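Given chain A's structure and the hints, the job is docking chain D onto it.
Here is what each chain is made of, one letter per residue.
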Amino acid sequence: MTPDLSVKLGALTLPNPLIAASGCFGYGLEYEQVVDLSSLGGIVSKGLFMKERQGHPPPRIVETPAGMINAIGLQGIGVHRFVNEKLPLLRRAGARTFVNVCGTTLDEYVEVCKVLSDAEGVAAIELNISCPNIKEGGIQFGCSLDGTYHVVSAVKKATHLPVIPKLTPNVTDVASFARAAEDAGADAISLVNTFLAMAIDVETRRPRITNVLGGLSGPAIRPIAVRMVWECYQLVKIPIIGMGGITDARDAIEFMLAGAAAVQIGTQNFVDPFIWSKVIDGMQDYMKRHNVARISELVGTFDPAPPRAVHA
Amino acid sequence: MPVDIEATVIANERLSSDYSVLSLRAPEVGRRTQPGQFIMVKPVGVTDPLLRRPFSVFEVLRDATGNIAGISLLNKRAGRSTRKLYELEPGDVVSCLGPLGVPFKPVQAPVEAWMVAGGVGLAPFATLAETLSALGTPATLFYGARTAGELFYLEFFERRGITLALTTEDGGRPSGRPCVKGLVTVPLEAALQSAGPAGAMVYACGPEPMLEAVAGLAARYHQPSQVSVERVMGCGLGGCYSCVVPVKHGDEHANLVRSCISGPVFDGAELVWPSTSSGQGTP
Chain A
1 MTPDLSVKLG
11 ALTLPNPLIA
21 ASGCFGYGLE
31 YEQVVDLSSL
41 GGIVSKGLFM
51 KERQGHPPPR
61 IVETPAGMIN
71 AIGLQGIGVH
81 RFVNEKLPLL
91 RRAGARTFVN
101 VCGTTLDEYV
111 EVCKVLSDAE
121 GVAAIELNIS
131 CPNIKEGGIQ
141 FGCSLDGTYH
151 VVSAVKKATH
161 LPVIPKLTPN
171 VTDVASFARA
181 AEDAGADAIS
191 LVNTFLAMAI
201 DVETRRPRIT
211 NVLGGLSGPA
221 IRPIAVRMVW
231 ECYQLVKIPI
241 IGMGGITDAR
251 DAIEFMLAGA
261 AAVQIGTQNF
271 VDPFIWSKVI
281 DGMQDYMKRH
291 NVARISELVG
301 TFDPAPPRAV
311 HA
Chain D
1 MPVDIEATVI
11 ANERLSSDYS
21 VLSLRAPEVG
31 RRTQPGQFIM
41 VKPVGVTDPL
51 LRRPFSVFEV
61 LRDATGNIAG
71 ISLLNKRAGR
81 STRKLYELEP
91 GDVVSCLGPL
101 GVPFKPVQAP
111 VEAWMVAGGV
121 GLAPFATLAE
131 TLSALGTPAT
141 LFYGARTAGE
151 LFYLEFFERR
161 GITLALTTED
171 GGRPSGRPCV
181 KGLVTVPLEA
191 ALQSAGPAGA
201 MVYACGPEPM
211 LEAVAGLAAR
221 YHQPSQVSVE
231 RVMGCGLGGC
241 YSCVVPVKHG
251 DEHANLVRSC
261 ISGPVFDGAE
271 LVWPSTSSGQ
281 GTP
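Protein chains in written order, with the working numbering: chain A, 1 to 312; chain D, 1 to 283.
Quick list of simulated restraints, FRET-style, between CB atoms:
| # | chain 1 | residue 1 | chain 2 | residue 2 | range |
| --- | --- | --- | --- | --- | --- |
| 1 | A | P15 | D | R159 | 50 to 58 Å |
| 2 | D | E87 | A | I200 | 22 to 30 Å |
| 3 | D | S175 | A | G282 | 52 to 60 Å |
Pulled a few chain A residues facing chain D out of the computed Cβ check, cut under 7 Å:
| # | residue |
| --- | --- |
| 4 | G26 |
| 5 | I72 |
| 6 | F274 |
Hints listed in this document are in silico derivations from the structure and should not be mistaken for laboratory results.
This structure is a prediction, so every number in the text was calculated from the model and none was measured.
Backbone N, C-alpha and C define an ideal beta-carbon position, used for all residues, glycine too.
Same shape as in the complex, but just chain A (with noise of 0.2 Å):
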């Protein structure tokens, strides 16, 4: 019997829990010619805000030791051009689009959110509160715990569609958010954005990227973020979104025993944009030896007591 992949999001069912993260997969359309986006759980569109944005000056990238730091700076085509020009396109490759939204001030998120209940295709709205880069907006909603609450009750009363705010790392007590989000009306949560971070050119005594500070990604972060979205699991029901540093099979089973419902994938679809069919045949391969029927019974059995050797 082929092993059951689908997972529910709240009201969404997916076909399997791999969504391209926000960021790492332009609006979608860039990877049609190497991916059947409707083969995936889903896609995050890069960040959109009303208007569109330039983002940062390059260099916008630098590798650290088994990660990346960026500072794009949110360069988008705004939502109006993403629903004219994108959109249709996306329901016709059959996509189940998440649109990442983003905002300068806490009646930008509403603006995006209303234009986009009011678009067809939809699947549910990712809310960027958490970009490290860039200055106004975003993370001065995701760093405080009355922000999170106010922009996630504020849009879910402006649209329909499932909310999923997608958390910062940079904080104390990440799960204290989640609660927040929670609390607000949250659909779902996504975890984790970015660390913020830093690398210097040594013989030059400049920064690595124009920016200065950008986001850590990478498998270099993954064994932090599998411990938030376990943080976060014990404290909340909504479903989580659970990201950092995923490259195959085993990395994303690692985030469902830790709690996470679905996964997200985004730096590692850089270094192997065909890496979608090779997870799922992981996974699939790993439910038949553990004898699981459907994935999502994997999600939070993560067993805390000691370490054990494994017999095969």
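Here is chain D on its own, set in the frame of chain A:
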């Protein structure tokens, strides 16, 4: 449509202590490659460095019967990734994603093709030279390097009927060939001053200051140019937005566009250069 294959290293010919030509068994990539396109590569199983690196396809390799057998890369040892690639041996395996990006648009006679290469910027011109040669387009390679020992593959171009205009910064001369001391823009400007009525298409690849100078010269002498830029690139497919360059169409303000999918080859007249862009854009 790009493919991703695990390509076996056929050979890694060290041209100098810094340069090598890495030949890869990648017929699927070779068959699809057009001049100026690139691939994203990294040794298989390596997580540090994590990301692939963009390389122009240097040669499309053929076997004894003329079938496309693979591709080669012109690699210059500069950082960790290129050092690893320089050290690869036959039998090693490299992840090879491509071909990617917008290729050069070849021109035909009576228009001449003038290729301008600086250092490792020679890379995209081997395949372009083959195409131009097949089209019968009169072509010149303006090729500059620091020393004569870093002027590579001269016979390759001569065999394909390409005229060479060589320069070295130290004034050294490769045996038996004329060579001018200075930058590659010196013979290029001389040629531009005496361009025939049909004109020339200027193709350029090399260090940023050279590209700016070449695009500027082409514009000053009213010749079109196609410039291949190199940027820090995360994915090669348009996903990460790290490789942007400022591009200006007509009187519009400049937009940052992804050099992986809108380039790496751009109309030289549309690129906005650091000295004219008030810091917006290039490093």
